[in-house]
Amino acid sequence: MLEFLQQLINGLSLGAIYALIALGYTMVYGIIMLINFAHGDIMMVGAYVGFFSIAVLGSNIFAALIFAMLSCAALGVLIEKIAYKPLRNSSRIAALITAIGVSLFLEYFTLFLLTPQQRVFPEAAFPLHKYQIGGLLVSNKDIFIFVLAVILMIALQYIIKRTRTGKAMRAVSLDREAAILMGISVDRTISITFAIGSSLAAAAGVMIGIYYNTINPLMGIIPGLKAFVAAVLGGIGIIPGAMVGGFLMGILETMVSGYGSTLYRDAVAFGVLILILLVKPTGLFGKDTGEKV
Amino acid sequence: MRVSRKLVLLVLMLFALGVLAGCSSKQEGGDKAGGDKAAVETIPVGINVELSGDLASYGSNSRNGMVLAIEEINQAGGVLGKELKAIERDCQSKPDEAMNNSAALVGEKVIAQLGPLTSGAVAGSTPVMMQNKTPLIAPAATAENVTVEEKTGKTLDYIFRVCYLDADQAKRMAEFALNDLKVKNAVIFGSTSDDYAKGLAKYFEEAFIAGGGEIVAKEGYVNGDKDFKATLTKLRSKNPEFIYVPGYYTEVALLIKQARDLDIKVPIGGGDGWDSPDMVKVAGVEALNNTYFANHYSVEDPSPTISSFVKAYEAKYKKLPDSFAALGYDSAKILAQAINDAGEADPAKVAQALAQIKDFPGITGTMSINEKHNPVKKIVVIEYKDGKLVSR
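Each protein sequence line maps, in turn, to chains R and P.
0 is the number of the first residue of the first sequence in numbering that gives the first Met the number 0; add one for each residue after it.
0 is the number of the first residue of the second sequence in numbering that gives the first Met the number 0; add one for each residue after it.
With the rest of the complex left out, here is chain R:
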């Protein structure tokens, strides 16, 4: 039982990372129906910005987090303006392929610029503390990453449900032409969407840096894909769905490794994706409106 609870804690901290990435995925999809495959790589850029601001500028972890989020917000907007905006009225597949192109560009440009050598996140930026609670081991990193994911999700939910910008986002998502007619600036709304989504990715990137110590230019690929599965699992376009999907994914993987074998962990993760698409294509939280995916 104790081992099961320990595995649950392992799963929750892994899941929190997936959830953070999945939030950005699902948000961009929710507004402009684009699966932004570059999302995982924006996360990687965020991790590098965080790394350099700690290692070179000597800032503390919170400043690094905010700096990474701001830079990636700008990067996200830039990518949208250059790569996606000209294709807004083209077929959806064109935008999707462009997203893959952007993803490869970010990966290999970073590889070229910063070499494939892995970088080590300075341990001193976030020293580890362990807590023993009735035989269970919890670290401050586990708690931080979990709390950060929950706070960001609540903030996001608030922005979308309670603010004017959020209202504009929902309007653009529902019917772009009608939104224009109502005087909503679609360009601006989409830019804000990308800014928020990318800054969430950056937060996830810095968290991965803190949690796993090492970062490299291709670190975004696998977590990006897993987070995509998490977003689909929860119902893509639905914010609480991404959160729940992320945690479920983390726990699932941990349990497969813990009680089965690491070797079929990824097979199970992607098997789940196929299963959902077959049984409930709209995801756990999705409503059958017939308009998604």
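These are computed hints drawn from the structure, not numbers from a lab.
Even glycine gets a Cβ: it sits at the ideal position worked out from N, Cα and C.
There's no promise every hint is true.
[Unchecked claim] Distance condition first, Cα-Cα at most 30 Å in a straight line; then the derived BS3-like pairs of lysine-lysine:
(1) P:Lys-217 <-> R:Lys-129
(2) R:Lys-140 <-> P:Lys-387
(3) P:Lys-377 <-> R:Lys-129
(4) R:Lys-140 <-> P:Lys-153
[As the list claims (entries may be wrong)] Label pairs and their in silico Cβ distance ranges:
(5) R:Gln-156 <-> P:Tyr-316: 53 to 61 Å
(6) P:Tyr-316 <-> R:Ile-153: 16 to 24 Å
(7) P:Glu-149 <-> R:Lys-129: 47 to 55 Å
(8) P:Met-129 <-> R:Lys-129: 45 to 53 Å
(9) R:Pro-280 <-> P:Lys-387: 52 to 60 Å
(10) P:Lys-237 <-> R:Gln-116: 33 to 41 Å
(11) P:Asn-339 <-> R:Gly-57: 53 to 61 Å
(12) P:Gln-130 <-> R:Phe-104: 28 to 36 Å
(13) P:Gly-119 <-> R:Leu-110: 21 to 29 Å
(14) R:Lys-129 <-> P:Ser-306: 45 to 53 Å
[Claimed, not checked] Incomplete in silico selection of chain R near chain P, CB under 7 Å:
(15) Glu-2
(16) Gln-5
(17) Leu-86
(18) Asn-88
(19) Ser-89
(20) Ser-90
(21) Val-119
(22) Glu-122
(23) Thr-213
(24) Ile-250
(25) Thr-253
(26) Gly-257
(27) Tyr-263
Assemble chain P onto chain R, guided by the hints.
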């Protein structure tokens, strides 16, 4: 017109012949002169390593070691009163290029070839060296079949190596765990994505059980994994006394850190894939205490032979010598010893002398060449102690 054309052709042909003849005679003369000169002063040594391609860093470090050794030998008066002359070729990390280079080197009458580094490239060179009865010394090829004929198991007369085999290093770690750390059971948690780590896991298991130990669990990970906590939590409940982690430092460092985070305090061991300055940076000084790995040599070894080698290498190349550099150095030095033992610069005699080498004091250990042309040496086990490498 016709006649003149024929004439021109004839003249041209004569001219061509003359040039060819001149050339060949000139070359002959040159060869003779060069040969005579070489017979007096230099013995050519082929260096055929990976200077470009995927494994360029291994190859160039090893080459640096070889060149340093040859320089030292020449400064100390050479061998048999002659200087060694290195002829370098880049095999581009490809077996077929290794073969072409060997053919070219044999054409230049080298006494022996040093390199290439990988078992695959050595296999490319092997047929050429065997045909021409010229010895090849592989610095770092660890596959089992490098020095023996695959089908018959017969030792190849002209192929040698100075590095240990993976089976040897896994066995050393198993014996170290049983005898020095006095553990009775162990778990294996290694990479399943490459033959190197899978081989180590297999050999460790065999040796550990043969030595009276018990393997209580076997787990695997995939290269590129970052989260090992789930499997470590599972292994923790088995209460192992030792964890063997065959793999490369990228994953191993994270794995060790996460194990210590989960309060797994038992000794952890592995192989030469751990050897990287990144280990301390990623895992941290404290987490690495009580971890051990088998390696070719330790750069921090205080013995005078090793420290003078390290100093000389650092002075020449402005960086610390890694295992490949040390093995390259040893391969050149052992060749010099064999030429001396043979008493004349004849490739076939040098091969015989190589097979007889006993107690050769190398940087990577004192070695004797056995009947399979593998070195028998005490493999060093390195302990991480407060971030420092300590030889055991």
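Status of each hint after checking the structure:
{"no.": "1", "hint": "P:Lys-217 <-> R:Lys-129", "in the structure": "holds, 28 Å"}
{"no.": "2", "hint": "R:Lys-140 <-> P:Lys-387", "in the structure": "holds, 27 Å"}
{"no.": "3", "hint": "P:Lys-377 <-> R:Lys-129", "in the structure": "violated, 40 Å"}
{"no.": "4", "hint": "R:Lys-140 <-> P:Lys-153", "in the structure": "violated, 57 Å"}
{"no.": "5", "hint": "R:Gln-156 <-> P:Tyr-316: 53 to 61 Å", "in the structure": "holds, 58 Å"}
{"no.": "6", "hint": "P:Tyr-316 <-> R:Ile-153: 16 to 24 Å", "in the structure": "violated, 56 Å"}
{"no.": "7", "hint": "P:Glu-149 <-> R:Lys-129: 47 to 55 Å", "in the structure": "holds, 52 Å"}
{"no.": "8", "hint": "P:Met-129 <-> R:Lys-129: 45 to 53 Å", "in the structure": "violated, 59 Å"}
{"no.": "9", "hint": "R:Pro-280 <-> P:Lys-387: 52 to 60 Å", "in the structure": "holds, 57 Å"}
{"no.": "10", "hint": "P:Lys-237 <-> R:Gln-116: 33 to 41 Å", "in the structure": "holds, 36 Å"}
{"no.": "11", "hint": "P:Asn-339 <-> R:Gly-57: 53 to 61 Å", "in the structure": "holds, 57 Å"}
{"no.": "12", "hint": "P:Gln-130 <-> R:Phe-104: 28 to 36 Å", "in the structure": "violated, 50 Å"}
{"no.": "13", "hint": "P:Gly-119 <-> R:Leu-110: 21 to 29 Å", "in the structure": "holds, 26 Å"}
{"no.": "14", "hint": "R:Lys-129 <-> P:Ser-306: 45 to 53 Å", "in the structure": "violated, 39 Å"}
{"no.": "15", "hint": "Glu-2", "in the structure": "holds, 5 Å"}
{"no.": "16", "hint": "Gln-5", "in the structure": "holds, 5 Å"}
{"no.": "17", "hint": "Leu-86", "in the structure": "violated, 32 Å"}
{"no.": "18", "hint": "Asn-88", "in the structure": "violated, 39 Å"}
{"no.": "19", "hint": "Ser-89", "in the structure": "violated, 35 Å"}
{"no.": "20", "hint": "Ser-90", "in the structure": "violated, 34 Å"}
{"no.": "21", "hint": "Val-119", "in the structure": "holds, 4 Å"}
{"no.": "22", "hint": "Glu-122", "in the structure": "holds, 6 Å"}
{"no.": "23", "hint": "Thr-213", "in the structure": "holds, 6 Å"}
{"no.": "24", "hint": "Ile-250", "in the structure": "violated, 10 Å"}
{"no.": "25", "hint": "Thr-253", "in the structure": "holds, 4 Å"}
{"no.": "26", "hint": "Gly-257", "in the structure": "holds, 4 Å"}
{"no.": "27", "hint": "Tyr-263", "in the structure": "violated, 10 Å"}
Hint compliance for this structure: hints 3, 4, 6, 8, 12, 14, 17, 18, 19, 20, 24 and 27 are broken, all remaining hints hold.
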